Amino acid sequence: MNLNNQNIDHDLLMAYLLGEATDDQREKVDVWLRESKDNQIYLDELEQIWIETGKLDPAPILVDIDSAWSKVSELLNFEENNKVVELKPKIKKDNSNKLFRIAAIFLLIAASMFIITHFIGSPTEQTLTSELEIVEDTLPDGSLIALNINSKIIFPEEFNDDTREINLEGEAFFNVSHDKEKPFIIHSEDANIKVLGTSFNVKAYQDMLEVEVVVESGTIMLFGVLENGDTSSVILNQGEKGIFDKKEKKARKISESVDDEIFWNRRKLIFEETELLKVFEILEKSYNVKILVNNPSIMNCIYTATFIDNNIDDILQVIKESYKLSIIKENNTYTIDGEGC
Amino acid sequence: MTIANSNIKFKISCKEDFEALFRQHYSVLCSYANKFIDDIDASEEIVQDLFCNLWNNREKLEISSIKSYLFRAVRNSCFNLIKHINIREEYKTFNESEIKLDEDKIDDNIDASELEVKIRETIELMPPERKKVFIMSRFEGLKYKEIAERQNISIKTVENQMGKAIKFLKEQLSDYIILAFVAFLEFIYKILNL
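Chains U and R are the protein sequences, given in the same order. Reminder that position 264 of the first sequence reads as 311 in our numbering, one-by-one numbering, no gaps. Reminder that position 105 of the second sequence reads as 114 in our numbering, one-by-one numbering, no gaps.
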């Protein structure tokens with residue numbers, strides 16, 4: 048009964064089992080179930096596992112054993128495993144060996160880097176590629192990524208202890224989950240982007256002279272290491288755009304605020320006899336805005352339309368004309384009024 | 010280095026054995042404490058204090074069954090905490106008889122089945138966010154939407170994490186589940202007189 052099930056996502060199966068599936072998702076699973084009796088058996092096995100896990104008593108809770116052990120270890124004065132060894136540099140007045148030593152150190156570092164990247168590489172590297180369609184996925188830490196066409200990211204199966212690092216070629220929109228202790232770092236050629244928890248867009252195509260970053264929410268640091276070892280960096284806040292010059296390896300901010308520059312990410316919105324209540328919910332989520340409705344009966348209005356490559360203002364304008372509504376915009380909040388349905 | 014649970018008098022002599030003991034039981038002991046006091050931070054403190062005391066008194070203690078000792082010690086600390094809080098607040102939410110009733114439950118956890126132990130281990134191995142999402146769904150009974158809101162992630166991420174969780178559980182438990190499933194089938198067939 049060990050089936051190799053690559054033709055359906057476990058996300059769908061779980062949502063189905065727990066009654067959390069949308070009609071669309073449920074249909075996909077039903078179709079899959081009808082394909083073969085083995086599929087039904089597989090689903091039953093998953094359900095069996097779900098049932099068994101529920102029997103656990105006491106119910107498990109989320110604890111961090113490593114940090115608990117560190118705490119106990121410290122309280123009991125156990126020796127730490129990692130002792131910091133201080134290297135005291137020899138202060139020699141003889142300069143003739145200096146160049147030789149510097150060269151030797153660089154060589155050692157270069158050799159180590161070579162060894163580390165080529166021999167002790169991560170065997171569990173994963174690649175996400177997009178060609179003619181936008182590809183969306185979730186990274187090991189729960190961060191969301193949407194890859195624009197002809198783009199690629201490389202990331203490990205599990206992020207290591209200190210940082211979350213990935214490599215990007217092309218264009219992607221990130222929604223990075225918050226983790227103060229583990230900064231998220233995106234490498235793209237010589238440009239680097241460091242974030243804690245934010246959403247932003249990175250455009251880094253090979254044939255472009257610059258890497259462009261636009262921040263939707265939160266704060267990021269765009270930086271690069273210059274020839275002389277100095278770091279060129281710029282901090283970008285919500286609504287700001289920065290570029291990294293690949294030739295000069297310098298980062299700079301180029302405009303204070305950008306509006307709706309990042310809408311390739313939400314290319315298509317389809318509403319089919321959808322209540323405005325639901326429509327507004329979807330618009331809030333997709334465009335990261337707040338929509339307030341003064342007359343609750345507006346929410347009952349049924350709406351049918353398809354929007355492709357539109358920004359939020361245009362969409363609301365169309366909806367406004369359909370139902371004779373009035374819309375007031377203040378920063379990212381839209382207040383809607385009118386007769387309902 | 011696993012600690013054997015036998016009837017031989019148990020003595021913790023070295024730090025490595027102590028660490029192994031800690032890592033093996035920390036999670037389930039915290040879960041057990043949480044059952045009584047419903048406070049994860051306080052539960053962790055109780056268990057950590059317990060282990061500190063265990064280490065500090067290791068010369069004096071002679072324990073026949075380490076698991077029973079640990080569970081009983083956690084339970085007692087919980088009751089002491091509850092009493093302490095009650096006295097401070099000047100009203101008793103747990104009265105003496107309620108506490109005594111729980112004494113019957115003490116042995117329920119000691120002989121957990123192999124499957125249960127394996128399930129706990131598997132959940133423990135999940136990365137933090139996945140573990141949190143799974144626990145919130147399975148043991149706190151929260152819907153995807155609620156989990157997404159509380160964890161500040163999208164519903165799609167919740168779906169994804171749950172999918173990965175069940176896939177991981179299936180991989181880890183496949184041997185055990187087959188046995189359970191076969192037993193289940195046999196039971197059904199028996200009922201249907203097949």
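Don't read these hints as lab results, they were simulated from the structure. Owing to the predicted nature of the structure, the values given are computational and were not obtained by experimental measurement. Don't be surprised by glycine CBs; every beta carbon is placed ideally from N, CA and C. Take these hints with a grain of salt, some might be off.
[As the list claims (entries may be wrong)] Derived lysine-lysine pairs resembling DSS-like cross-links, with alpha carbons at most 27 angstroms apart: (1) Lys199/U <-> Lys294/U; (2) Lys176/R <-> Lys325/U; (3) Lys165/R <-> Lys179/R; (4) Lys140/R <-> Lys176/R; (5) Lys44/R <-> Lys118/U; (6) Lys140/R <-> Lys76/R; (7) Lys84/U <-> Lys179/R; (8) Lys152/R <-> Lys337/U; (9) Lys229/U <-> Lys154/R; (10) Lys337/U <-> Lys371/U; (11) Lys229/U <-> Lys173/R; (12) Lys241/U <-> Lys293/U; (13) Lys75/U <-> Lys76/R; (14) Lys44/R <-> Lys84/U; (15) Lys325/U <-> Lys241/U; (16) Lys141/R <-> Lys152/R; (17) Lys227/U <-> Lys165/R.
[Stated by the list, open to error] Now the stretches of chain U that chain R is said to cover, found in silico as 3 or more residues with beta-carbon under 8 angstroms: (18) 105-117; (19) 212-219; (20) 288-298; (21) 369-376.
Of all the hints given earlier, name the ones this structure violates by number, lowest first.
2, 13, 14, 15, 19, 20, 21
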